[in-house]
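On the provided structure of chain Y, position chains F and D as indicated by the hints.
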Amino acid sequence: MTDALLHALLFQGGYNAALVSLGAALLGLAAGAVGAFTTLRRRALTSDAMAHATLPGIGLAFLVMAAAGGDGRNLIGLLIGAGLSAALGLFWLQRLTDRTRLTEDAATGAILSSFYGAGIVILTVIQNLSLGRPAGLEGFLLGSTAGMLMSDALLIAGGGAVILALLVILRRALAMTAFDPSHARMMGVNTRAADMALLLLTLACVLLGLRVVGLIMIVALLITPALTARLWSDRVGVVALMAGAIGAVAGHLGAALSLVLPDLPTGPAIVLITFAAFLLSALFAPGRGLIARALARARLSTSVRT
Amino acid sequence: MVSPTPIPMPETALTITGLTVAYGSVPVVATVSARFPKGSMTAVIGPNGAGKSTLLKAALGLIPAVTGDVRAFGQPVAKAMPRIAYVPQRAAVDWEFPARVIDVVQMGLYRKTGLLRRMTPGLKAQAMACLTRLGMQDFADRQIGALSGGQQQRVFLARALAQEADLMILDEPFAGVDAATESTIISVLHGLRSEGKTVIAVHHDLSTVPAYFDRVLLMNRRVIAEGATQSTFRRTLVAEAYGNTLLTAIPA
Amino acid sequence: MTFGAEFVALTLPPMVIAVLAALGCAAPGNFLLLRGQSMLGDAMSHVVLPGIVAAFLLTGSAAQPIMLAGALAAATLSSLMIEAIRRTTNADPGAAMGVTFTAMFAAGVLLLETSGAGAVHLDVEHALYGNLEGLIWLDATGWASLADPAALATLPPELPALALATTLILVTLALVWRPLTIATFDEGFAATSGIPTRWLSAGLTGLTALAAVAAFSAVGSILTIAMLICPPATARLLTDSLPRQMTLSLLIAAAAAALGTIAAGYLPLALGVSFSVSAAGSIATLSGLFLALAATFGPRRHRRSAAA
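Residue numbers (numbering that gives the first Met the number 0), protein chains in the order written: chain Y, 0 to 305; chain F, 0 to 251; chain D, 0 to 307.
Next comes chain Y alone, as it looks inside the complex:
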């Protein structure tokens, strides 16, 4: 098994497998870097609501494509459906927070659960309709790279690269908006546009991540690397780079593991790898790590007492 893993890690598990783990790595890189800004803007859980709100769209897109006589599992079609329903979820999230007295976290939870519920209703319809032939949509819940089409892997890798390019272009406006929106406005940054751009980049990461990590845990790929990197640095650029690197390693390693062990769902593997990075950093990072803090606090209280 270790041999097989090594092969997969070194992109030698065959062309298809290499493409899948390259796609997962690029996805991790993009999501980690975008997530650094999303987390800085304190919208971590917005991406969770977004991810859950994709489910009704996935189901409806499947039904529409199947009814039109095509293959219901076409990834591009499913992602278009997912994107539309996530956009509807975001629209309602915005409406609830702007026009009512509900706080953002309550609105997030409400959108997340009701859209997800609607998605489950549609999934049960599909299960009943497809009469024995599994629709394979369950992979979108927990992520699965097993049996992924080469075109899907290419789409994910290409999408990740495009997201990264956009992020590099927009990085300054995004950083200024996240740090101090009113100052950014005075400096001529269109903060509304910057926020919208960040939301769209986040949505793009969520959509690309659906197939690999699954909609329940994709939020981890956006938040956990960002918080991990925050423990090591205070500079936005460094945090984004580090978060991207952590995401890339986790994506690559997780995908390789799940290629070797087909029973192992890719999503949980990737999530646990990023979490391990977080735990290690939380303990050992200089300055902010738990050990460093405990030492500083001990020094402070002895210096106060004497």
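Derived from the structure by calculation, the hints contain no laboratory data.
Hints should not be assumed to be uniformly reliable.
Pairwise CB distance ranges (calculated) [what the hints assert, rightly or not]:
1) Y/Gly286 x D/Thr58: 39 to 45 angstroms
2) Y/Gly13 x D/Ile261: 47 to 53 angstroms
3) F/Arg117 x Y/Ala295: 48 to 54 angstroms
4) Y/Leu289 x D/Ile261: 50 to 56 angstroms
5) Y/Arg296 x F/Lys37: 33 to 39 angstroms
6) D/Gly202 x F/Pro75: 21 to 27 angstroms
7) F/Pro75 x D/Ala254: 28 to 34 angstroms
8) F/Thr119 x D/Ala254: 32 to 38 angstroms
9) F/Pro209 x D/Gly202: 36 to 42 angstroms
10) F/Pro120 x D/Leu292: 38 to 44 angstroms
11) F/Arg117 x D/Leu163: 38 to 44 angstroms
12) Y/Ala295 x F/Thr112: 43 to 49 angstroms
From the derived model, a few chain F residues whose C-beta atoms are all more than 10 angstroms from chain D [unchecked claim]:
13) Leu122
14) Arg158
15) Ser206
Note that the structure is predicted; figures quoted are calculated from it, not measured.
We put the beta carbon where it would ideally sit given N, CA and C, even for glycine.
Frame of chain Y; chains F and D shown alone:
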């Protein structure tokens, strides 16, 4: 042998000894010691970030202190808590909360009602009397979200009055309130002082310090000066706390 | 089989179970909402799965009390972790929750897939959408069965368990109503009034975990989240009084649960298709629709305070 005559000490309502509070490993209040005599009215002043609110919160045990000892009326502060009323900053609560003005004032009676005891007509009348003392009796059934900033502050003070405490600690009671409210509040506080109660307030408006307060605690992370307003509220000392800003209104 | 017999055997038990679960979740949800902790319910319902799986793997038993203990332990661990992460990273609570529940959920799925726990009818889909439709009452022959002790003994065991948990939750909240309200409105003031604020907030987390755990096996995590958040949020847009908000949220939760179960079972039939859809999903959808209505027409939907 003659036992030494004890030096007569004015009774203190609150004594803080060597209190240090840190956020992470950065101390925001450094070994502060201060005494607040019974029946006095003290302004805690200092620039933004001087640790004024933090000092009071830590003294009340609301946030953990690194070291230090706090006693109220000779007892550990936790034990004396029934004799203390605390009025937080107005911004510390969500004014959208589903409650009426009278509901908030009745919260001040919690030590009497406890978990389950009924809100008797006598207690209700007591809460109403506290509102009346602040000129808010007509607002009793109003939703708290519908109040102006000054009215919110009066409700907070009415709630503290309902506690019938001997020591009242207020965090910026005059922040963002109108002139009428400010004068109502200060006359209520002066009334408390004349009943022998002790008042401590975080205060920002330096121009009103001599008129409102008889004592001053001047701090900037550590204590700069402490004592009667006349002797403590001096230009050099205030300048030391605030850095060198123009303070021509303050006696040299 | 008459309609009555079919209804009592197949629809009534899931409906009652859904209503009980909805009530048990909506009640603490009101306080979570006012404390800005609504997403705690989301986190709790995700960590129930690893708790149950770990308890099974450790003890080899699938008995209810053991599952419950495992889930409560996981819930406690997760709330400690959220707090620790918030302190170390200065992250907002949302991000800290996201890190925690995704990691624990991932661990649960991994344990489930790589061990033999699947043998005890635990699977991820079950964890997500529950098994409301499966909770039928085979021995019921009609309305008369409700008075027949022998038939009542064969009710799905989830029903009495949930009834107990929901009663416990409602009674506890009624008991601590006054201090919990004060602590929710103004924690600093509450602490100086002799209210044990830490215990109360730990207790609220505990009640939320209990609601999530009790509801979990019957209705799944998705419905738990929906019921913790949507009915209180809907009621919040309808009234300015906390007691009325609580009452309305319970009514809305019960209505969504009852109507959702019936709609899932009978609406597709009425539309001429011969299958039913997920009851948990349809209840969650319905509660979202109620919220959308309240957000559009609710008399108290707008923010009032100009200040703050």
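- Out of the numbered hints, which ones does the structure contradict? 7, 9, 11, 14
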